[in-house]
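Asker: Chain by chain, the residues:
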Amino acid sequence: MAQKTVEYAVSRNPEMGTGGLPAHGPLFPVDIAEPQMSSENMLINIGPQHPATHGVLRLVCELDGETVLKVIPHIGYLHSSFEKLGEYRTWNQVVPLTDRMDYLAPLIYNCAYVMSVEKLLGIQVTERCKVFRVILMEMERIFSHLLWLGTTAIDVGAFTPFLYAFQERERIYKLHEKYTGARITTSSTRVGGMMADIPAGWIDQLKDFLKSFPRTLDEIDALLTTNGIHLGRTQNVGVISGEDAINCGFTGPNLRASGVPYDLRKDKPYYDYETYDFEVPIGQHGDCYDRYLVRMDEMRQSMKILHQAIGRLPGGPMDVQDPHVTLPTKTDCMSDMESMIHHFKLIMEGIKGPAGDCYFAVEGSKGELGMYVVSDGGPKPVRWRIRPPSFVNLSVIPRLAEGHLVSDLIMINASLDIVLGEIDR
Amino acid sequence: MADQPKAGSALDAVQAGPATEAALPARLAPTDLHNPSVDALRARFGAAVLHHEVTAGDQHVVYLEAGRNVEILRWLKEDPTQHYDFLADVTAVDFGGGRPLQVVYQLWSMPHRRALRVKCELPLTALTIDSVQPLWKTADWLEREVYDLFGIEFAGHPDLRRILMPENYAEGHPLRKDFPLRGRFTRAEQTRRALSQDPNDQYIPAELAMGREPQQATPMPAGGPIPTDRSGGATGAGR
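In order, the protein sequence lines correspond to chains S and D.
Taking this note's numbering as reference, the numbering of the first sequence is continuous, increasing by one, and the terminal residue is 428.
Taking this note's numbering as reference, the numbering of the second sequence is continuous, increasing by one, and the terminal residue is 240.
Excised from the complex, chain D in its bound form (with noise of 0.2 Å):
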């Protein structure tokens, strides 16, 4: 009894090897090949849009030029017909060797229940695209995420400084490829630097500029505050 397979699964399976795409058209055929943004953006804009492709089951893929990408994307946003008012989500993707890196935007249309993701490819050499920031307020950490990350300027940021790594982070952009997991640096250099490391760094420029004179202890004399060193800012508070 032990020595008789299965009737028809187990066995067969394991001679068939892994999944691969061409096993597996039937439950991740696309459902619908066409896409009302992506027919009106190639109407509109022609060869700014470069590909379009559907990916798990339903969701449109949209490859655009990454120079035009706040043109088209401020259309998506404000045409009626598309009318794209939610960026959920904008991040990248490196894929290693060599190849360029994507700038992925999720983008949702409240009114008309729609899901469009449009992608800008870019090149290593050039990693700079235009900020969306102006168009969805969203974009401002997200983009700034993106920037950290992966090394990728955003031209017209009003504020594009690292986010989740410190300020003064030397090791490069961890979520590239060629980032190894640990990070660049020996744990001994990773250490003594942090050791080492100037308050005044926990500050950006613009709070450096805010805070005005470190706190006194000594209660102020009559006539007037007394001049302060304020080259010993660091020990003060806020500064």
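If we strip away everything but chain S, and leave its shape as in the complex, we get (with noise of 0.2 Å):
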């Protein structure tokens, strides 16, 4: 399996210790005796509005003096019971619903939900198909690993960054709003295939985005990964050993900076990653400072496999020829009775499938993402559960955090990736 070691490109400042303070004791002595303070604990609430968070996520926390002694985590705030709503649909109806969750990456979401059904159902996709959403869901890695990287820098007061990102992730934008309409709320999937073909240009406009992307991402690189007080924020921060992070639920990026080159579309391929040619990037120290080389990499690698896709994309149509499953297009409904019938059929009664359930993961920006669908055979599903992976994320952050300071905290819950809106769901 191809893996690759991220480094420290630079290591430790010996004068800066965790957090950015100065490693060594105060420049000249002070014989003033500290003043006798309070020493009481206090109780402060971070969110659920602020900036900082990511989202509306509570964290209320005990505080001695600077260092956070207890952290807990409420959520909810969000909470729109998703899946509740989804056992009142219809297969494709559920769609709209899964780019809700994650606007940060939504078409991962939108995938990996209808692969999940085609799996349950048995449908094979069509080449193009399979092609093309690897494109999308590769894209919104990126996507999303720049929101990540932008809002990450400035929780530890470097600006810049976040208005490179901002500036590429528009082009994403661009892209999506180009293919489906919309910017944030997509639903572009259907079960059996895509909403539509893809639009004349868009191939161009993904290569333009490709061309000039890597020099963005230089310049971000420049600007921090050597950045010594970057350094100083993020490195031996947050540690969690590889072990303890399998045991705590960790995917994703934030296992892999643990040192566990577990990424599912190596370990578990799917729509043919195994003959993709990339590398799995891991991190050696399971900090912050890893978790920030490993998405970095990543969105290297993401461009590798978009060159390779986009080069391999077939002809040929994008739906599954199922009547079934694919409604007919419009000129064949207004012209053809069996069209029509079918396109009756399917708006009325819905795609019929075994019963069953399964269960379908796909490796997100954030982590496993997994799809649990359970059928009784009906239209709609009985049980529609999403393994979300930044839920599991955040529950490991008391043990993160606890022991560090509060402004590492923020940088520790900035570097675990969260997007609240799938973590209440």
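Just so you know, the hints here were simulated from the structure itself, not pulled from any lab data.
Here are the simulated lysine to aspartate or glutamate pairs, EDC-like style, with alpha carbons at most 20 Å apart:
{"#": "1", "chain 1": "D", "residue 1": "K178", "chain 2": "D", "residue 2": "E154"}
{"#": "2", "chain 1": "S", "residue 1": "K269", "chain 2": "D", "residue 2": "D86"}
{"#": "3", "chain 1": "S", "residue 1": "K307", "chain 2": "S", "residue 2": "D275"}
{"#": "4", "chain 1": "S", "residue 1": "K87", "chain 2": "D", "residue 2": "E172"}
Remember, it's a predicted structure, so these values are computed and weren't measured experimentally.
Two independent chains are provided; combine them into the complex using the hints.
Answerer: Right under this line is the structure:
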């Protein structure tokens, strides 16, 4: 398995301790006695409305001075009960719910859901659809990591990478808009195919993005990777060992930063990922800096996959040619009796498949994104469950943050790359 | 021309009706009926392994006796031939109609690259099962979520309380099939409850125990802090 160990580009500045504090004592001796301060611990709320929590997350912290003694996360502020709503919708009607969960990488969620339903119903999608979904998913990985990069840089005080990253994100938004008509709520997939074929010029626009994006990434790299303040704020902060990370359910870049080469694209390949040439970057220390390095390298690997996928994008139909699954074209519907019947039956009755259940996971931008669908043979799911990567990653935050400073808690929270829409669902 | 049915496709499919299980055997036939883990489980635990099935082509599901879940899952996790060290998910399924609830564990073995789905069925009259949180820390929040949304109690869980719904949510467990989509209370009642909440309900007892004094607005006089009225805590920061 192709792996690549990311390394500390620079080792720690010996003058700087964890969290950017000076490692040495005061520069000149002071003989003033420390004042006797009251040492009562303090209870503070970070959030639910605070930009540094990256969403509607509330962390109740017990502090001794600036040291975090205890963190109790409270979630559920965005709870919309998507799983319950899904039980009242047909298989295709669930798709718009999926992109509202992770609005930072909506297309991965669209794809993961229909891939799970297709596996349950035994539908083989066309080759063109497979490659196109790979393109969309890798594009979204860059899209999501860029947001993570920009907002995390802001949390440690670097404003410029945020602007650079959001300029590039805007170009992916344009690609969303050109294909789906929406910037965030894409709802692009259907069971058995996509909402439409690729529009003319879309691939060229993506190629343009791929041509100039590496330069921006290198600029951000130059601004952060060897930046002393960034190193001091991230190295040795929020360390978790590989074994603990597996036990706590970490997945995605967070797990790989701890040195565990677990990537579903390699371990449980889907959509011919085993035939793409790319490496899985893994870290060694499991701290915030390694999580940064792993994500930076993942963006480069995603670009590599995108180049290969564009090269092998075949022609042919996008949707499966099965009247039980795919809606007929509008022209057929209006001129052809059988097509109209199929259209009517699909709309009124929905897609029906065998009873059973299916758990299908893809490597999302934040970790293992699993979709568990249970069917009783009817047109609606009996149960639709999302295995939420951010939810599980966030549950580890008390363990990572306790003993660090409040400013490190912000960095640790940022480095986990959470999205509250998906945590609360 | 237009009257002719298209060759060998559309009209046949209309007459065949919607696809059923019988119509899809070739695509969904189980590729492999044997799973080394299931065979080993049967050999070791015998009657506690109730049922084994293959769904979606290649996914192995094994039904276990609910009372022995921790014992068997511990063996699955720690035995070197199994080594299911990664618990991907814990969830539950309610089929409605008074049928038992299923607790579903999705296991993955990193070294062997093998997946296994374990299910335990709980009758509606006894919704209690042992917690696997001591085995996998992942189960902490996942079991809390199942408790919150399905009302299944996990015996031995260190911190079993609601996670997505508010702690004082009184309408029941939303993902149960007998729970109506819009909730049990009327909109008016839901609004009334939301508006008459005590701010202290936003905190759990462990947090209320750690917050000490309400913050002082006036500077402290010399000679120590003045005694404060603790009953007014709701207005102070952190209480």
